[in-house]
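Sequence order for the protein chains is A and B.
By the numbering used here, the letter at position 204 of the first sequence is numbered 204, and the numbering carries on one by one without gaps.
By the numbering used here, the letter at position 85 of the second sequence is numbered 85, and the numbering carries on one by one without gaps.
Quick caveat, the hints were computed from the structure, so don't treat them as lab data.
Quick caveat, the model's predicted, so the values are computed rather than measured.
For glycine and all other residues, C-beta sits at the position ideal for the given N, C-alpha and C.
There could be a bad hint or two in this list.
To be verified - Just the calculated beta-carbon pair ranges, DEER-fashion:
1. A/V349 - B/R44: 36 to 42 Å
2. A/K107 - B/H78: 38 to 44 Å
3. B/K133 - A/P128: 50 to 56 Å
4. A/V349 - B/V80: 25 to 31 Å
What the hints assert, rightly or not - Once the Cα atoms are required to be at most 20 Å apart in a straight line, the calculated EDC-like pairs of lysine to aspartate or glutamate come out as:
5. A/K370 - B/E103
6. B/K94 - A/E243
7. A/K244 - B/E103
8. A/K370 - B/E130
9. B/K85 - A/E367
10. A/K291 - B/E10
11. B/K85 - A/D355
12. A/K370 - B/E10
13. A/K87 - A/E27
14. B/K94 - A/D299
15. A/K240 - B/D105
16. A/K364 - B/E10
17. B/K85 - A/D299
18. A/K244 - B/E98
19. A/K370 - B/D105
20. A/K240 - B/E103
21. A/K370 - B/E126
22. B/K85 - A/E356
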Amino acid sequence: MAKTVSFSVKDGSVTGAMRQLLKQLLEKKLVDAVLVPLELPSRENVVQSLVTQPEAMGAANPLAPVLPVNTANIISKMTRLASSEKKVAVVARSCELRALIELVKLKQASLDNIVLVGVDCYGTYSVPDYKQFAKGTQAPGDEFMKGMKAGKADSRLREACQICEYPYPLIADITVGLVGSDFDKEILLLANTPLGEQVVDGLGLPGAKDDGRKAAVEKLVTERVKRRDEVFAQTLAETKGLEKLTSVFSPCIGCHNCRDVCPVCYCRECVFDSSTFSFEADKYLDWASRKGALRVPTDTLLFHLTRLNHMATSCVGCGQCQEACPNDVPVFRIFRLVASRVQPLFSYVPGRSVDEPLPLTTFKEAEFQKVGFE
Amino acid sequence: MSDEKNDGFEPTIVGYLCNWCTYAAADVAGSSRLQYPHNIRAIRVMCSGSVDPLYILRALFSGADAVLISGCRPGDCHYVSGNYKERRRMVVLKTILETLGLESDRIWLRWIAASDVPKFAATMNEVTAEVKKLGPNPINSAWSV
Chain A
1 MAKTVSFSVK DGSVTGAMRQ LLKQLLEKKL VDAVLVPLEL PSRENVVQSL
51 VTQPEAMGAA NPLAPVLPVN TANIISKMTR LASSEKKVAV VARSCELRAL
101 IELVKLKQAS LDNIVLVGVD CYGTYSVPDY KQFAKGTQAP GDEFMKGMKA
151 GKADSRLREA CQICEYPYPL IADITVGLVG SDFDKEILLL ANTPLGEQVV
201 DGLGLPGAKD DGRKAAVEKL VTERVKRRDE VFAQTLAETK GLEKLTSVFS
251 PCIGCHNCRD VCPVCYCREC VFDSSTFSFE ADKYLDWASR KGALRVPTDT
301 LLFHLTRLNH MATSCVGCGQ CQEACPNDVP VFRIFRLVAS RVQPLFSYVP
351 GRSVDEPLPL TTFKEAEFQK VGFE
Chain B
1 MSDEKNDGFE PTIVGYLCNW CTYAAADVAG SSRLQYPHNI RAIRVMCSGS
51 VDPLYILRAL FSGADAVLIS GCRPGDCHYV SGNYKERRRM VVLKTILETL
101 GLESDRIWLR WIAASDVPKF AATMNEVTAE VKKLGPNPIN SAWSV
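Produce the entire structure from the sequences given, and follow the hints as far as they go.
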């Protein structure tokens with residue numbers, strides 16, 4: 001049972017309260033550093049930053065609805081060579097935490113001395129949309145949260161967010177509960193692990209109840225799932241079959257941005273960057289003469305299918321692939337759809353637990369017996 | 001002559017055969033003059049578990065009409081669990097292809113032990129006959145993939 005405490009919100013500014021809360025983590029030396037998005041002086045964007053000075057928290061804005069980089073990638077890069085003895089709080093959204101858990105299982109990130117602070121998430125805008133939005137307001141985080149609380153439909157939300165079934169952290173040491181809470185007045189902190197409890201106890205906050213949260217989360221998830229299934233149906237209609245698929249992928253220029261930003265695309269060296277698929281000119285001419293014509297560069301569909309084979313079991317649906325595509329290939333839609341069919345085969349939910357093995361690293365003796373005709 | 005639409009079509013089938021089981025069965029089938037179709041292009045691999053889905057896709061994108069992966073019976077893998085892991089990979093690969101409306105029935109997984117020599121010949125007959133019914137792999141004639 002999670003221990004729940006309340007952090008009071010002053011002047012109705014939930015962003016201000018988040019800043020105070022994170023500042024106290026540093027002031028009370030509960031952690032040595034906090035990884036959190038900071039607002040740039042221009043206020044046009046927020047960028048994830050490692051904060052060590054409490055004063056710098058004045059610019060923190062973890063509620064600004066934008067996700068420039070999936071934090072899982074940042075932690076992976078930070079801890080790949082060695083993790084630190086210093087304690088770092090990582091403030092992140094559900095999709096970032098789930099991706100991070102997958103990377104931990106892939107041995108590409110470490111949670112040593114990391115305190116996961118998961119924030120309830122109503123969704124994010126694309127970076128350009130956020131810039132437009134931030135120009136028109138003094139307090140982008142607060143304004144966004146108010147709109148969401150009022151239940152306003154927001155077409156600026158990225159599609160990945162509109163269809164996300166996890167607006168709450170699936171895994172975190174501390175959950176910052178916002179959905180269903182009265183965040184004009186208070187933020188709920190749920191300590192889910194002994195480590196989380198240790199930090200929360202250090203803040204010395206009064207206990208609270210999270211009565212309304214569960215129902216509010218469920219309502220939000222139901223809406224998202226409905227929208228998700230609509231998007232899946234539409235995606236199937238638009239992409240299914242070789243002809244449609246080659247057409248959908250035809251604007252792909254092979255930049256591999258989708259792969260580079262994907263938090264769970266795990267190969268240290270991608271086979272598509274190696275010389276495996278470098279052929280002499282005669283090989284291309286052979287293919288061309290057999291088919292009559294050959295699209296070059298080749299292997300567009302093969303690239304995407306290979307990526308699916310590698311990461312469909314671990315796709316957390318963060319949608320960063322879509323943001324990175326220069327030509328609006330619906331990569332997110334296709335990958336999310338395929339993942340929704342692949343993951344249930346193994347009753348696997350990526351990012352749910354560090355202890356559940358990755359589906360492709362394990363097996364059961366008695367399963368899928370029809371595949372190989374036993 | 002029969003008037004079936006795929007009459008005369010001789011499929012190219014790439015077979016990734018496990019060194020310890022199916023490849024040995026293929027060897028014995030050959031030396032004991034057991035007839036099986038020549039459509040299969042055998043590639044010896046050390047374990048069915050070493051067959052990356054990319055090898056299968058590469059074959060299907062480069063001229064093969066079907067791919068057969070064949071290894072030791074479950075429980076008999078010489079590397080303990082290679083075939084079990086390959087089975088999971090095949091389930092994933094087939095699910096991906098089915099979701100996207102690509103033909104997953106061009107990928108065959110079969111467990112054939114070194115001693116299953118008649119089963120080897122029978123499986124080659126079965127795969128070849130079924131792939132003949134499927135007809136040529138459309139990916140091979142699509143120039144824009």
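Structure-based check of each hint:
The hinted window of 36 to 42 Å between A/V349 and B/R44 holds, with their beta carbons roughly 39 Å apart. At roughly 26 Å, the beta carbons of A/K107 and B/H78 sit outside the given window of 38 to 44 Å. Distance hint check: the CB atoms of B/K133 and A/P128 are about 52 Å apart, consistent with the given range 50 to 56 Å. The given range of 25 to 31 Å is respected by A/V349 and B/V80, whose C-beta atoms sit roughly 28 Å from each other.
Between A/K370 and B/E103 the alpha-carbon distance is near 17 Å, which keeps this suggested pair within the 20 Å criterion. With a CA separation close to 18 Å, the supplied pair B/K94 and A/E243 stays within the 20 Å bound. Taking the CA atoms of A/K244 and B/E103, the gap is near 14 Å; set against the 20 Å cutoff, the hint holds. Under the criterion of a C-alpha separation no larger than 20 Å, the hint pairing A/K370 with B/E130 is consistent with the structure, at around 17 Å.
For the given pair, B/K85 sits about 11 Å from A/E367 by alpha-carbon distance, which is consistent with the 20 Å threshold. A threshold of 20 Å between alpha carbons decides the hint, and for A/K291 with B/E10 the separation of about 17 Å falls inside it, so the pair holds. Distance restraint check for B/K85 and A/D355: the Cα-Cα separation of roughly 19 Å lies within the 20 Å cut-off, and the hinted pair is therefore satisfied. For the suggested pair A/K370 and B/E10, the alpha carbons sit about 27 Å apart, so the restraint of at most 20 Å is broken.
For a cut-off of 20 Å, the pair hint linking A/K87 to A/E27 stands: about 14 Å separates their Cα positions. With a C-alpha separation of about 19 Å, the suggested pair B/K94 and A/D299 falls inside the 20 Å cut-off, and the hint holds. Distance hint between A/K240 and B/D105 is fulfilled; the C-alpha atoms sit about 16 Å from each other, no more than 20 Å. The hinted pair formed by A/K364 and B/E10 fails the criterion: a straight-line CA distance of about 37 Å is larger than 20 Å.
Our distance criterion of 20 Å between C-alpha atoms is broken by B/K85 and A/D299, whose separation comes to about 26 Å. Proposed proximity of A/K244 and B/E98 is supported: the alpha carbons are some 14 Å apart, at most 20 Å. Under the criterion of a C-alpha separation no larger than 20 Å, the hint pairing A/K370 with B/D105 is consistent with the structure, at around 13 Å. Only pairs whose Cα atoms come within 20 Å are accepted, and A/K240 paired with B/E103 is accepted, the gap being roughly 11 Å.
In summary, the hint linking A/K370 to B/E126 is supported, as the alpha carbons are separated by about 16 Å, within the 20 Å threshold. A hinted pair counts as satisfied when its Cα atoms are at most 20 Å apart, and B/K85 with A/E356 qualifies at roughly 16 Å.
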